[in-house]
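Asker: Given the coordinates of chain A, assemble chain B with the ligand onto it according to the supplied hints.
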Amino acid sequence: MGVCVRAATIDDLWAMQRCNLMCLPENYQMKYYLYHALSWPSLLQVADVDGAVVGYVLAKLDEESTTEIKGHITSLSVLRTHRKLGLAATLMRAAHRALTECYGARDVSLHVRVSNEAAIHLYRDVLAYEEVGVEEKYYADGENAYNMRLTFDYGGEDATRGLARDAAKLAVHA
Amino acid sequence: MSRDRHALPNRERALFTKLVDAYETKKYEKGIAAADDILRNFPEHGETLAMRGLIVRSMDDGHEHNEEAHALVKRGIECHPESHVCWHVMGLVWRAERNHVESAKCYAQALRLDPDNSLILKDLSVVHLQTRNMEAFVKLRWKLLSSRRDQRASYVSLACGLHLTGDHDSAFEVLESYEKIRNAKQFDSRGAWRDEDPLMKRFDASELTLFKATLRRASGKEKEALALLERDEAKVVDRVAYLTHVGEIQVALGMKAEAEKTYWKLLDRLPDSYDYHRSLRAVKGLPKDVRDGAGEISDGDIVALKALYREIEEKITFCAAAKRLPLSFTKPGDEFDALVVAYIEKPLRKGVPSLFEDLKNLYENPAKARAMERIFTETVASLKSSGKFLSGGETKSEEGKKECTMYAVNLLAMHHGEMGRRSSDGGAKDFAKALELIEEAIAIDASCVDLHLNKASILELAGDLHGAADAAETSRKLDLADRFLNSNCVRHMMRAGRYAYAEQLAAIFARDGDQATNLYDMEATWFELEAAQCHTRGKKYGRALKYYHAVLSHFQQFVEDQFDFHSYCLRRTAINSYLDLLKVEDKMYARQEFRDAAKGAVMLYVDLFDEPPEKKAAALEAKVAAMSAADADKFREELRVAKEREDKAEEERLAALEEAKKVAAAQESKNKSPKDATKKVDPDPLGKALENTKEPLEQAMKFIEPLLLHAAGYEETQLLAFEVFLRQGKPILALKAVNEALKIKPNSFQAKSNAARLTRHVEMMDEANPMKKVLMMQVSKLTGNQTAAAYAKALADESPLNPLDVAAVSFAQRETADDDSALINGAKRTNVDCSAFPFGSYVAAYERYASVSESAAEAMKAACASAFPYATVFGGSKSTKRDGE
Ligand SMILES: CC(C)(COP(=O)(O)OP(=O)(O)OC[C@H]1O[C@@H](n2cnc3c(N)ncnc32)[C@H](O)[C@@H]1OP(=O)(O)O)[C@@H](O)C(=O)NCCC(=O)NCCS
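As they're listed, the protein sequences go chains A and B.
Just so we're aligned, residue 1 is where the first sequence starts under the UniProt record's numbering, counting upward by one.
Just so we're aligned, residue 1 is where the second sequence starts under the UniProt record's numbering, counting upward by one.
Same shape as in the complex, but just chain A:
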């Protein structure tokens, strides 16, 4: 079968860490993955092929924001052998859905290297993020980061509940 994209479990964290180490220079110790999974369990997603993790998104709530609930993408990557299959987009959509549905997050933000064309295309053109600023020398090697943000559109629904939407779907399948 093709590639499965699903909510991550604790058991997946080690494979996520490995995938991160293969793909990105910004790495974290296991404790940090555990911290994510045990603080915002619904926000982590993985792509797997027959049980082997080939991509992940590690998302969280912005802890500095104490008045409003905001999401943040800590890390996203897909093994090069599985890129351009649409996995990153699917992973990100799943994270967005969890951010809105579980937490009623107002928006979600992330940093991306200004040279990372693939990722910028994904965020800006496919997922409709906006560039809201540049952070000078954000990365350890001195590269700048774009700060990008997506504000969620609840279309008048109660932000924290997906109930209305579910009801609509239910009618479809009734």
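For the record, the hints were derived by calculation from the structure and aren't laboratory data.
One thing to keep in mind: the hints can contain errors.
So, partial list: chain A residues that the calculated Cβ filter (under 8 Å) puts toward chain B [as the list claims (entries may be wrong)]:
#	residue
1	GLY2
2	CYS4
3	VAL5
4	ASN27
5	LYS70
6	ARG83
Selected chain A positions facing chain B (in silico; Cβ < 10 Å) [to be verified]:
#	residue
7	LEU38
8	SER77
9	LEU122
10	ARG124
11	ASP125
Beta carbons: idealized from backbone N, C-alpha and C, even for Gly.
Answerer: Coordinates of chain B with the ligand only, in the frame set by chain A:
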């Protein structure tokens, strides 16, 4: 002793408070100063001595002052044995060393002296969780609840404990009573409920509801669980978790129509989550597993599946599975062909080099593999001749035609690579074809990174390690900013034995201030495993062992990592993931990476035991002594030159790393303030101490023990344990390992070979040894009363097919350690059937022979070289050669 002896005057009492504060706020220097101030006048003040010890330990990253810390605390206890503070502190010092058992003893003693001290109660309860002493945990938690009825964590913790001891109903009641008290607004006057984050309140309530459902389900009350979930639906914000529970319950209760709706809702959220696809199919009475090779699907079911996936495609947006799964459940034939033709066109136009990965598991079905070969070949031909896809779709421009052709040729190349891997005769023909095609694609556009990546993977499948490494290097150079290309190249370089270069490459993305790399700090087990295996093959055992021990220490850390999360989760109420965490932690050492490390390390230690470095050196001396003077001189000169070359390479390696460090440090200081924590220099970077250990088997046990703890159910664990126990002269444990292995895999040639080896061991035991008779009785049950030699021969006559089994049986036939003939015969018996056994098992068998006998390794090479002409290990004729090899 009177209490007064320990009482301090006002000034010192204030200082003591300061001391405790300083510890808690990590102002250690201040703490030491305060302690010393007190001790000047009261040198025997126990609690001060103990606190000083604790601070000494806390300041000590490198564990160098561990003894001093212990001595201070011990002295403190001697001066004031009835102080709960002293005992509590002793527990904390053990805790810093991760010795939870000792730590628990000290806390318990402290509690005997001060039974209601909630701080100690909490510390002890966390240790109970860490050591899974759940009964004790529950007992403590009851006690804590009675004193802390205004904290939700009190209830949640107790409920968790009860759940983990299997008392799900009591756990449920505790949570219910919490909610009752909470709703009755009891304790509100005392400043409301503690540990509730206003932003997270909704989430916490949600977790609690899910936990309650888990508890009901754990005691088999599915109906109650469902009623509860439906009643409290509005409380649950984690919809995926909610619906997953509901779906499972509905399935369990046979509520098919309702379950179907639930799975539609889940697919709406996670359109490509295969679990939900499986469940949806199952509730509709359709096959759960639609993978190729999973079993025949009836025609009627196929029709229904088609309809279902059409519906999914219409209703669920962004669902890749809706297009992909029909390829799996459609039978080979015209319809399948049409699906493939349509499926591949868009990605080929878009230039998706990973298209093949997406199709790979269709190859379980040989008819589909043949169909794809035909379609891909025709697509290439059609694109080349007319610029059209098989659908008739045109490519827009000459450029487009070229590009689509390139990706189609790439796809066909990958196809042949896979066919090579699956072929029964080693696959040389398909690999040749695959390589020819990938070169053709590269000739169209040599700057396309992924083509080189794919070339590397084809060469790797064929066994050409240097060729693969060179191709990976080409891909890396085409996009230096992509870490994946770097990591992949590092991996290939190490597999090809080019460690020094691999290490330099890895450092590019892992520089960290004055460290050569941060790979250890970042727990890069993949790198360490590759490095260890690379060094093993290069016979640099010390270094290999260093890397294996690095993996071990990461896993010890992973087990330790949970410690801080016990109280964190119970306070924050991420209970459901927390319960998962405990389960995962209890199987930590069964994870593949650890099992690989353990296997590598144990086999090295076992070989070092059989042939310690001194014995090797002596053998070499003997060899030289037997030579004529001229030959001996020549031989010595050769050795000298080889050593010089190696030393020079090592010097260059270190110089390159040093250079890289400087560059990184310069960059670091430009971008960030330099780090203050200076890393300690590794006193033994080459692992000499590990290699020259006098206790290789004790070292091996460091890996075996955790395996037996968490991974006893794997055959491999029992086989490894056997190797160690037999050499330790512990035949009873070795026997147990054989029996366990046979329980796991009754026909295991490897376990039976071990039975033969154990029998030989028992046969050679001293007649006077009373154990001999007992053991003989036991082993003869395994061998059917045969001698070791006869039993081993019988095994060989059964003609095992797997190269690893053949090797195991040959080892069992060996009469003495210097006896090569059985091994050589075994290697010669190797038969090549790659459709049954992967290439990797031939390589593993080869490495097994090579670790003890050069002649057997040569025989294995000879047996495999023609089937695997690309294989570097077997010196295959088509494998890429490097200078000096
Ligand atoms: C960025 C990354 C996650 C994208 O993963 P992916 O699974 O290949 O992305 P998708 O297949 O979902 O592609 C999403 C979109 O991006 C486009 N895209 C992906 N890779 C691209 C590339 N190299 N160049 C141009 N566009 C690209 C896709 O075509 C698709 O757009 P479309 O729908 O308009 O066709 C992946 O390239 C990656 O892991 N890179 C390394 C790690 C990284 O940079 N992470 C981001 C850190 S902020």
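Asker: Would you mind marking each hint as holding or not holding in the structure?
Answerer: Hint check:
For GLY2 (chain A), the interface hint holds, the least distance from its beta-carbon to any beta-carbon of chain B being 4 Å, beneath 8 Å. Annotation: interface hint on CYS4 (chain A) holds; nearest CB of chain B at approximately 4 Å, less than 8 Å. This hint holds: VAL5 (chain A) has a C-beta 4 Å from the nearest C-beta of chain B, less than the 8 Å allowed. The closest approach between the C-beta of ASN27 (chain A) and any C-beta of chain B is roughly 4 Å, which is under the 8 Å cut-off, so the hint is satisfied.
Of the supplied interface hints, the one on LYS70 (chain A) is violated, with its beta-carbon coming no nearer than about 11 Å to a beta-carbon of chain B, more than 8 Å. The criterion of a C-beta within 8 Å of any C-beta in chain B is met by ARG83 (chain A), whose closest approach is roughly 6 Å, and the hint holds. A cut of 10 Å between beta carbons decides the hint on LEU38 (chain A): the least distance to chain B is about 5 Å, and the hint holds. Because the smallest distance between the Cβ of SER77 (chain A) and any Cβ of chain B comes to about 8 Å, under 10 Å, the interface hint for this residue holds.
The interface hint given for LEU122 (chain A) is broken, as the beta carbon of that residue sits about 14 Å from the closest beta carbon of chain B, more than 10 Å. Hint status for ARG124 (chain A): violated, given a least beta-carbon distance of 18 Å to chain B, over 10 Å. With a least beta-carbon distance of about 14 Å to chain B, the hint placing ASP125 (chain A) at the interface is violated under the 10 Å criterion.
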